[in-house]
Amino acid sequence: MTATDHSSADDRTLVRAAQRGDMAAFEELVARHRDKIYARAYSMMRNEEEAVDLSQEAWVKGWQRLRQFQGEASFGTWMTRVVINLCLDQLRKQKRQRTESIEAMDEESGGVERQMPVVTSNPTAGLERAELRQRIDRALALLSHEHRTVLVLHEFEEMEYKEIARTMGCSIGTVMSRLFYARRKLAALLADLKKQD
Amino acid sequence: MDFDAQLKLQAFLDGELPEGEASKVADWLARDREAAALLEELRNTRGAMAGFEAGIQLPESREFFWSKVQREIQRRETPAPKSAPTPLLARLRRFLVPASALAVILVAGAVLIRPAGPFDHAHTAGIETALADAGAFTYHDYSAGATLVWLSYPADNEVADNDEAGTIE
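First to last, the sequence lines map onto chains L and P. With the numbering used here, letter number 144 in the first sequence gets 144, and the count goes up by one each step, no holes. With the numbering used here, letter number 9 in the second sequence gets 9, and the count goes up by one each step, no holes.
Keep in mind that a hint or two might mislead.
To be verified - Straight-line C-alpha distance at most 25 Å; calculated SDA-like pairs for lysine to any residue:
1) K162/L - H140/P
2) K194/L - Q134/L
3) K61/L - E77/P
4) K68/P - R16/L
5) K68/P - K162/L
6) K194/L - A36/P
7) K68/P - L86/L
8) K68/P - Q90/L
9) K68/P - K194/L
10) K61/L - T78/P
To be verified - Pulled from the structure, derived: some chain P residues nowhere near chain L, Cβ distances all over 10 Å:
11) L29
12) A50
13) L58
14) P59
15) P81
16) A90
17) V111
18) T138
19) Y139
20) A144
Rather than coming from a laboratory, the hints here were simulated on the basis of the structure. Here the structure is a predicted model, which is why all the values come from computation and not from measurement. Beta carbons: idealized from backbone N, C-alpha and C, even for Gly.
Make a model of the complete structure from these sequences and hints.
Rendered as structure tokens:
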């Protein structure tokens with residue numbers, strides 16, 4: 001398969017070629033999906049350097065486990081799960097090295113999200129795409145990694161509650177509670193950012 | 001509104017409720033403005049996040065990133081070189097060098113910490129005179145580990161001169 005063939009081939013064909021050891025085919029797959037894999041790592045880690053390292057590790061693991069890929073999901077989805085698992089491992093390691101965040105303690109001690117006033121007007125209405133992205137970025141950075149992870153898995157990865165619970169190793173109730181808190185906190189943070197303008 | 005009701009509202013938004021329950025929540029929303037406002041807030045937040053990741057790009061060029069990935073793949077696929085069998089002499093040397101060093105340390109330690117006593121002399125040799133008998137002399141050579149004793153008979157001291165009984169004829 002030539003370089004031209006690679007750029008015009010679909011993912012399925014490239015995966016089959018890569019499974020036979022064609023590294024050029026794998027390179028094409030990396031080029032196609034690298035932004036998505038990096039974006040997922042960045043959403044979860046909130047650190048550019050870590051996200052680059054973890055996405056690189058995900059591609060190395062992807063190559064090593066390529067024979068296990070049977071094509072039930074798309075290659076992009078499969079690779080996204082690889083990077084998510086790496087990020088979760090990394091976050092668990094980091095969690096062991098630091099104390100619990102204030103947000104997590106709040107959640108455990110009764111849930112401040114229940115008392116937060118409802119944000120009646122949409123704080124992101126009328127914002128340009130770039131401005132909206134910047135605000136979401138700042139607000140996401142203020143969430144604890146447990147809440148951010150649930151939000152990322154639900155909103156970006158479109159996982160169901162039970163799938164998130166399985167991935168994170170917690171109950172469905174915890175997933176629902178964390179998701180609710182994360183959304184309410186995010187709404188409040190976005191409203192605050194709007195007020196600051 | 002209690003917490004369970006709030007979570008049910010969220011599950012309704014996420015399509016996680018069974019059909020029967022979902023229609024009950026829809027009826028409740030039509031009657032409860034507070035619940036409707038909360039649902040609207042949750043929906044807005046969800047909407048704001050849509051497409052967020054689409055703007056994030058890997059901050060490295062295609063070539064550079066791929067070169068790192070490729071290098072790491074190749075590094076992991078290259079089997080670690082097996083160590084060649086160690087020759088007998090090298091194995092002996094590996095054992096003898098530390099053993100010799102240990103022996104030197106032990107000998108030096110023994111010499112340095114030897115307790116001061118009758119055998120600890122500044123000089124390696126010396127001559128002693130026996131007090132009981134002024135006519136007897138002892139010569140010690142510590143380095144050679146030799147002791148030489150000599151006696152002078154008949155004793156030519158004062159006591160012996162006056163004591164006839166002690167004189168050997």
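Structure-based check of each hint:
Restraint check for K162/L and H140/P: the C-alpha separation of about 96 Å exceeds 25 Å, so the hint is violated. Restraint check for K194/L and Q134/L: satisfied, since their Cα atoms lie roughly 12 Å apart, inside the 25 Å limit. At most 25 Å may separate the alpha-carbon atoms for a hinted pair to count; K61/L and E77/P meet this at roughly 12 Å. The suggested pairing of K68/P with R16/L holds, with an alpha-carbon distance near 23 Å, which does not exceed 25 Å.
At most 25 Å may separate the alpha-carbon atoms for a hinted pair to count; K68/P and K162/L exceed this at roughly 36 Å. For the proposed pair K194/L and A36/P, the alpha carbon gap of about 23 Å is at most 25 Å, so the pair holds. The straight-line distance between the Cα atoms of K68/P and L86/L is roughly 18 Å, inside the 25 Å bound, and the hint therefore holds. With a CA separation close to 20 Å, the supplied pair K68/P and Q90/L stays within the 25 Å bound.
Distance hint between K68/P and K194/L is unfulfilled; the C-alpha atoms sit about 41 Å from each other, more than 25 Å. A C-alpha spacing of about 15 Å is found between K61/L and T78/P, which places the hinted pair at or below 25 Å, so the restraint holds. Distance to chain L confirms L29/P as a non-interface residue, since its nearest Cβ pair spans about 14 Å, more than 10 Å. Annotated as non-interface, A50/P brings its C-beta within 10 Å of a C-beta of chain L; the closest such distance is 8 Å.
Separation of L58/P from chain L is inadequate, the least Cβ-Cβ distance of about 4 Å not exceeding the 10 Å criterion. Not every CB of chain L lies more than 10 Å from the CB of P59/P, the least distance being 6 Å, so the non-interface label is violated. With a closest Cβ-Cβ approach of about 21 Å to chain L, P81/P is found to remain outside the 10 Å limit, as its non-interface label requires. Once the 10 Å rule is applied to beta carbons, A90/P is consistent with being away from chain L; the minimum gap is 37 Å.
At roughly 52 Å, the least C-beta separation between V111/P and chain L is larger than 10 Å, which holds for a residue marked as non-interface. Every CB of chain L is more than 10 Å from the CB of T138/P (nearest about 76 Å), matching its label as outside the interface. The claim that Y139/P is not at the interface with chain L holds, since no C-beta of that chain comes within 10 Å of its own (minimum 76 Å). The claim that A144/P lies off the interface holds: its Cβ sits roughly 70 Å from the closest Cβ of chain L, which is beyond the 10 Å cut-off.
Hint violations for this structure: numbers 1, 5, 9, 12, 13, 14, all remaining hints satisfied.
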